[in-house]
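K.L.:
Chain by chain, the residues:
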Amino acid sequence: MSSPTPTGGGVQSGPVRVVLVDDHRMFRTGVRAELTDAMAASGIPVCEFVGEAPDVDTAVQVIRAEQPDVVLLDVHLPGGNGNGGVDVIHGCFGVQARSGAPVRFLALSVSDAAEDVIAVIRAGARGYVTKTIGARDLITAIRRVADGDAVFSPRLAGFVLDAFGAAAGEIAEVDEELDRLSAREREVMRLIARGYQYKEVAKELFISVKTVETHVSSVLRKLQLSSRHELTAWAMGRRLL
Amino acid sequence: MPTPYEPAAHPRPVTDGGPDAGVAGSGLPVHPYELPPAQPSRPPLVRSRSRGWTPGVCGAVARHLGVSRRSVRWTFVLLTLAGGAGLAAYVFLWALTPEADVDADPTQAADPGAAPERRQWGLVLVVGAVLVVGGAVLLTPVLGGGVIGTVLVPLFTIAVGAIVAWSNLDDAQRSRWLGSGEGRYGWLRMALGVGLAMAGILVLVTRGESVSAVWDALLAAIAVLVGALIIAAPWALRLWGDLRREQVAAARATERADIAAHLHDSVLQTLALIQRQSHDSAAVTRLARAQERELRSWLYAGPQGSQSTLAAAVTEVAHDVEDLHGVAIDLVVTGDRPYEPHGAALAQAMREALLNAVRHGGTPVTAYVEIGPTGVEAFVRDRGDGFDLDSVPEDRLGVRQSILGRMERHGGAARVRRRDDGTEVELRLPPIEGGTS
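So the protein sequences, as listed, match chains A and B.
With the numbering used here applied, the first sequence covers 1 to 241.
With the numbering used here applied, the second sequence covers 1001 to 1437.
Careful: at least some of the hints might be erroneous.
Only pairs whose alpha carbons sit at most 16 Å apart, straight line, appear in this in silico EDC-like list of lysine to aspartate or glutamate [to be verified]: (1) LYS199/A / GLU1292/B; (2) LYS210/A / ASP147/A; (3) LYS131/A / GLU1292/B; (4) LYS203/A / GLU1292/B; (5) LYS199/A / ASP1421/B; (6) LYS199/A / GLU115/A; (7) LYS131/A / ASP1330/B; (8) LYS131/A / GLU34/A; (9) LYS131/A / ASP147/A; (10) LYS203/A / GLU187/A; (11) LYS203/A / ASP1420/B.
Bear in mind the hints are in silico, worked out from the structure with no lab data behind them.
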């Protein structure tokens, strides 16, 4: 854990208001307790839990009522149209947080299956972390998502490199190209896949953390908008197109 | 030719559990509980796809029964002479026996000319057509308007047509004939068969009268047929739908049973173990991690192959190290390539690097392997104080020999980097020479 200052991101007044959506009560309780302990230990109240929900329909209600900054969203949930977290994101389309920014979603999943992860990202989630993530890393991720940045786990970075053919050497000639990564984005993704924190990536590539965040956000945008066959096939598998 | 039904060996005078059953009479060591090798009871009744001019019925029967092909042929001939039963049986078997690729007998496979790609259907057809036409031409004047001329000839024509058309039935055969550039030929065969059969039916129905005489009857028959079809169609469709639904439900039930069985064998057992060892937190962690990994690979990875690819090999290496030390390793692999000696060296070097990381480094240990057209790159990273290459003599040997030296011997390179918070080992391999993988 190399970024012990969770407030290192953007400046935002007050704690981040968080809604926790997961169908396992034990998991919800555990995450709350862990994060509360971690924040108490560091003395910085980064986030505040304003609600939780066990299924798609409750989640949409709670989110519309509470207007949180960040939703921690399990990928697999009962209810809705059977698409779990994706249905929650669709159901909350256009809902804004009290700060005026859109509600942001951070996918939290035990699933390693590419189609699950890619589907929820393409539906609009700002990032994906596994449930085994440490409390302090999770706080950093929440903060980052609240600031509008993207959060990539090493595994998601690996998916991205595979899906965009970057591991096989496909590189975009112009940065705007949606179906391939630029050389710089590929470098950033490779370092994240190697387990580097954003700060370490910045140091390794001699760029600022802000630039790293820009690259990651750009990759997230490509992940959401690209019509590459690998990505659309995954989305098709979840009947999203 | 020995049949598969000969006893597997000489019957052994072995008494179950007898005191001296181990050396029953002969000098050879005899295993008292050895069963004859479990063989499939008999080869399935299938026709060989690839050889000969005949449909392969006799060969199929011979293989299935384990008798010689010649005796089967003679049996058919004799049965045919005895009132035509052999012919009927032959046609019946031909229609109902599926085709498959059968391992050729070694004696016949050795003959290069005797194994053409497929049967010479064209030749068979031409000969058959000539025979039919010739027979008809020869027989018609002789038999005149007799019963044979008006009944047997059309019946024969119908039979030939049906055989020609039905020989298309087999799915594999159909795709072979219609799918791969020979489509025209397949359709031609089908059209020829149907045409022959229709002509035969027409001749049989008219019995020498003019077509117009039976036209009304024909129309009526067709009308009845169409009407019956219309009435029956919804029923048939519904029945078909029910059947499909039942099949799907049955498949689901089977799958569910499989899943339940798997969960019982793996997850429930592990949970029981964890409850029993709840005081030992290290053991609990290790059990939970191993079970998670097993379940994950079962859920998401499909059937696990052996170490046939590099990605599978490095994944297995990481799992091994996890199991040995109970430390979680975050492994990400992109791309893949066949498993060969250089890749094996990389996997072994990576194993050493991972062992170093979990022994001397701190968590989390992350590993990333990128397998691409420009080569393989592997990174192993830990977050501890790191091990100093020069200050840890025994490790120096381990690292120098098993990581750096090994990679260099295989045309690759390795590098150990000390970072602010931990160590990173980089391994590189060039692409497979000449292989596009």
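K.L.:
Each hint needs a verdict: does it hold in this structure or not?
P.N.:
Each hint tested on the structure:
1. LYS199/A / GLU1292/B: Distance ~31 Å between LYS199/A and GLU1292/B Cα, so the pair is violated.
2. LYS210/A / ASP147/A: Satisfied, since the Cα-Cα distance of roughly 12 Å is no more than 16 Å.
3. LYS131/A / GLU1292/B: holds, 12 Å
4. LYS203/A / GLU1292/B: Distance of about 35 Å is beyond 16 Å: violated.
5. LYS199/A / ASP1421/B: holds, 12 Å
6. LYS199/A / GLU115/A: violated, 29 Å
7. LYS131/A / ASP1330/B: Roughly 13 Å separates the two Cα atoms, so the pair holds.
8. LYS131/A / GLU34/A: Cα-Cα ~12 Å, so holds.
9. LYS131/A / ASP147/A: With Cα atoms ~21 Å apart, LYS131/A and ASP147/A exceed 16 Å; violated.
10. LYS203/A / GLU187/A: holds, 13 Å
11. LYS203/A / ASP1420/B: OK: LYS203/A and ASP1420/B at ~11 Å, within 16 Å.
Figure legend: structure checked against the earlier numbered hints; hints not met, in rising order: 1, 4, 6 and 9.
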